[in-house]
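2 protein chains.
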Amino acid sequence: MEKQLHKLKMLLAEVVDLQRSASVLAWEQQTYMPAGGAAARADQLATLEGLAHRLFVTDEIGALLAGLNQAAEDWDYDSDESSLWRFISRRYERERRIPSDLVAELARTTALAQEAWVRARKAADYPMFKPHLQKVLSLRRQQAECLAPYDHIYDPLLDEYEPEMKTIEVRAMFAAIKDDLIELVSAISARADAVSDDALHGDFDIERQRAFGLEVAQKFGYDLERGRQDEAPHPFCTSFSSDDVRITTRFNGSFLPSALFGTMHEAGHALYEQGVAPELARTGLDTGISLGVHESQSRLWENLVGRSRPFWRHFFPQLQTAFPAALSAVDVESFYRAINRSKPSLIRVEADEVTYNLHIIIRFELELDLLTGTLQLDELPGAWNEKYKRYLGVCPENDAEGVLQDIHWSMGAIGYFATYSIGNLLSVQFLNRAREVLPNLDADISVGEFGPLLGWLRDNIHRHGSKFTPRELVQRVTGGEMDARAYMGYLREKYSDIYNL
Amino acid sequence: MEKQLHKLKMLLAEVVDLQRSASVLAWEQQTYMPAGGAAARADQLATLEGLAHRLFVTDEIGALLAGLNQAAEDWDYDSDESSLWRFISRRYERERRIPSDLVAELARTTALAQEAWVRARKAADYPMFKPHLQKVLSLRRQQAECLAPYDHIYDPLLDEYEPEMKTIEVRAMFAAIKDDLIELVSAISARADAVSDDALHGDFDIERQRAFGLEVAQKFGYDLERGRQDEAPHPFCTSFSSDDVRITTRFNGSFLPSALFGTMHEAGHALYEQGVAPELARTGLDTGISLGVHESQSRLWENLVGRSRPFWRHFFPQLQTAFPAALSAVDVESFYRAINRSKPSLIRVEADEVTYNLHIIIRFELELDLLTGTLQLDELPGAWNEKYKRYLGVCPENDAEGVLQDIHWSMGAIGYFATYSIGNLLSVQFLNRAREVLPNLDADISVGEFGPLLGWLRDNIHRHGSKFTPRELVQRVTGGEMDARAYMGYLREKYSDIYNL
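As you go down the protein sequences, you meet chains A and B in turn.
Here the numbering used here is used: the first residue of the first sequence is 0, the next is one more, and so on.
Here the numbering used here is used: the first residue of the second sequence is 0, the next is one more, and so on.
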């Protein structure tokens with residue numbers, strides 16, 4: 000039995016190495032690769048991902064998992080072995096039904112689609128991107144069909160990012176917040192003049208932005224001996240191992256929040272990955288369990304910490320020192336209000352906390368319609384703009400600030416967006432729990448001390464990697480289920496205060 | 000038969016993709032990877048290289064090659080198919096005898112050894128590096144033993160870099176130049192005062208160095224849409240496809256030649272790789288045939304073009320504009336003499352053309368002694384220093400400027416150094432031939448026009464990739480064999496002029 004487990008781990012290590020290698024190539028494509036490299040890179044990614052899949056869905060791994068079935072029942076449920084067996088068995092059942100050639104084809108297609116997306120967004124030219132999206136959508140549909148039967152075609156795609164979550168639950172989640180959000184947006188709109196973000200527009204030297212952002216990230220606990228930050232068209236975090244976790248950002252020299260909160264956000268993801276227990280390395284458990292849980296970490300640091308009063312009590316004097324011309328005449332309370340200004344806008348990644356989930360709802364609804372065929376790709380930009388008008392009262396002037404703004408669909412990430420809202424909800428549930436255990440949390444944050452919070456997250460979330468399903472993890476941490484009430488409560492309290500509602 | 004060939008190409012494409020992916024990871028390790036990433040990267044490289052090997056030495060590929068045996072005799076010798084069959088058959092015979100686990104172990108060991116080398120060189124601490132070198136040497140010996148019988152244990156290692164070349168031929172090559180070189184060094188030493196390189200020491204802004212170097216490289220024909228330059232501890236060139244060829248350099252703010260000629264050198268390598276015919280992509284023929292031929296290209300651009308009077312007739316005014324403080328009072332002839340000053344020194348990559356091959360002879364002799372066990376690793380720094388005294392009359396003050404100066408041994412590249420001298424010899428033979436066909440070569444160069452030379456190299460060398468063995472290629476281009484006379488003639492003429500010997 001020990002021997003079987005060892006053999007299984009050896010085989011999984013090879014699969015993980017291939018996947019991590021693909022991550023290095025994908026990261027490099029986003030950060031440094033010259034345009035000419037795209038075609039060969041697509042082939043290389045197709046080979047790596049196809050091969051990782053082929054080496055995973057072998058009869059040999061199937062037999063080893065089956066052979067360990069009995070032993071798994073005796074293992075302590077919380078043990079690494081038991082988790083490994085459960086997690087890998089579930090994934091094996093799923094992946095076994097998808098042909099490796101389809102995985103390779105999707106990798107090749109999306110590598111090329113990403114290059115096309117960059118060009119199309121630059122040119123604000125949706126028709127330039129449409130044939131790529133067509134192919135991506137078709138391949139993702141094929142993948143979903145491999146996993147039939149399903150209640151909704153979105154289910155198997157969502158499951159890839161958020162194991163065990165169903166479309167019906169996402170609908171329920173959005174139903175629970177949609178009306179309240181629209182009502183809150185409307186109440187804030189009536190008092191829009193109460194907050195100005197003028198202080199955030201100005202001349203912000205990029206090198207100083209970089210230095211300040213990294214200073215904050217390191218204070219949070221992001222270890223630059225085991226990570227680094229680069230520039231990319233779309234900010235992201237990727238892990239090559241828990242000892243090598245990269246973040247990217249993009250800078251805007253005339254608007255401070257983009258890179259500042261983007262860096263905190265990606266650092267939040269990176270802290271999760273850097274915190275995975277070393278003994279899980281190369282097993283497949285050595286990464287965050289789901290995108291929703293991942294997003295709970297990024298949003299926790301970005302919003303619940305980074306857009307809070309205690310945080311800026313400590314950091315605002317330093318920020319003023321970095322940007323004296325723009326900020327010396329601003330007081331910390333005005334700055335706090337400025338970075339929390341809520342106003343319907345076009346770009347998701349720069350949306351405030353109140354309007355953010357409406358951006359997600361729009362994408363979720365559009366994805367469902369595209370997948371079921373209710374919406375055709377020709378109609379997509381129109382549908383996008385129509386929903387922005389309806390939910391947010393704004394309309395893109397071109398596709399670059401509309402349907403082309405996100406990289407996700409070019410990456411094949413259809414079924415992904417909902418996890419951002421899951422993350423928002425979980426972030427508040429997790430922080431509320433942390434607050435119960437760490438009564439001095441705000442006091443710590445207000446002196447730039449993040450060790451206790453990070454320690455609690457490490458112990459309760461990060462170190463487990465993928466050992467527990469999202470549902471199990473939420474249960475372990477909060478004692479209950481995912482629940483929109485805490486989140487809506489947080490938003491209402493914070494924004495009633497800021498806007499004096 | 001068409002079907003077999005197609006199947007073979009499909010299988011080879013996968014192998015090539017894995018090798019190229021390993022190159023991306025290795026490049027990233029040298030350029031951007033944080034220190035913490037080393038252990039996981041070593042595992043990933045071991046998996047990629049081990050798997051590439053495993054998927055290459057399969058019975059299936061063996062059967063396909065055997066099945067095409069008959070067809071191969073009917074193919075035109077110069078056709079892509081015939082070359083592919085010859086090249087892959089030869090490599091298959093070789094690689095089939097080496098266990099894939101040994102390949103993986105070497106990849107892992109050298110990935111870690113490179114990190115250790117960087118640290119050891121920084122600390123000038125050979126004992127810190129020795130255990131890594133011990134392991135590398137032992138694995139390389141094991142590899143050589145897999146390829147027994149051999150005339151000399153160095154043969155199978157050299158063959159990896161310079162197919163079909165034997166130790167006895169390298170000895171003959173060095174025998175043909177060693178005495179003449181020592182004599183030339185001595186004659187120059189007697190007139191050492193005739194040339195000063197004071198003008199090359201000073202304050203040279205690194206951004207301007209970067210811009211000027213890239214300007215020259217692009218003028219040569221290096222396409223930055225299909226390549227880029229980054230910084231690394233050791234300058235190198237690596238190809239991810241002929242449409243994505245990277246170079247690295249390192250800058251010295253107080254000595255101009257390091258990055259300047261380093262960039263021309265690596266650009267020379269890059270031109271070879273960018274010039275490989277697109278139809279050879281993903282076959283294994285899609286890269287330079289040997290390190291010796293590769294070095295002929297880098298040395299041709301670096302030395303025969305880049306250290307020539309015609310070249311600086313065009314570029315010196317631009318260089319003066321870039322660095323007016325250091326160079327406005329220098330005339331082009333003094334500059335030409337300065338960059339060609341010959342003086343025995345400690346660092347190979349900064350050696351002049353006359354003394355350069357003596358650095359190589361030292362490494363070649365030491366490698367033979369290490370491989371045969373005549374020399375123990377404990378004795379290596381002493382032997383190194385003793386040879387530097389004997390051949391060059393200089394002695395390192397510490398191991399950083401001695402035995403630790405080169406990255407090669409940490410990369411497992413034992414058997415590699417000799418190819419640098421092969422490259423030097425071939426560079427002159429190739430350029431002499433180009434001169435016969437391009438009578439206006441010097442005139443073109445003196446107006447910054449490199450198109451005809453690059454075109455000739457593309458047609459005669461680059462586009463063939465690995466289609467012909469080095470011997471075949473030299474025969475095709477020069478009508479003869481590799482020969483030291485042209486090279487020694489070039490050196491004598493150039494240096495007699497400069498030093499008025």
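To be clear, the hints were calculated from the coordinates, so they are not data collected in a lab.
Since this is a predicted model, take the numbers as computed values, not measurements.
Certain hints may be false.
Since copy identity is lost for identical chains, a pair holds within one copy or between any two.
[Said to hold, decoys possible] In the BS3-like style, the derived pairs of lysine-lysine whose C-alpha atoms are separated by at most 27 angstroms in a straight line are:
1) K342 / K8
2) K6 / K134
3) K218 / K386
4) K2 / K493
5) K177 / K218
6) K8 / K134
7) K388 / K8
8) K129 / K6
9) K218 / K129
10) K129 / K388
11) K177 / K388
12) K121 / K388
13) K2 / K388
14) K218 / K493
15) K177 / K6
Margin query: Hint by hint, where does the structure go against what was stated? Just the numbers, ascending.
Written below: 1, 3, 4, 5, 7, 8, 9, 13 and 15
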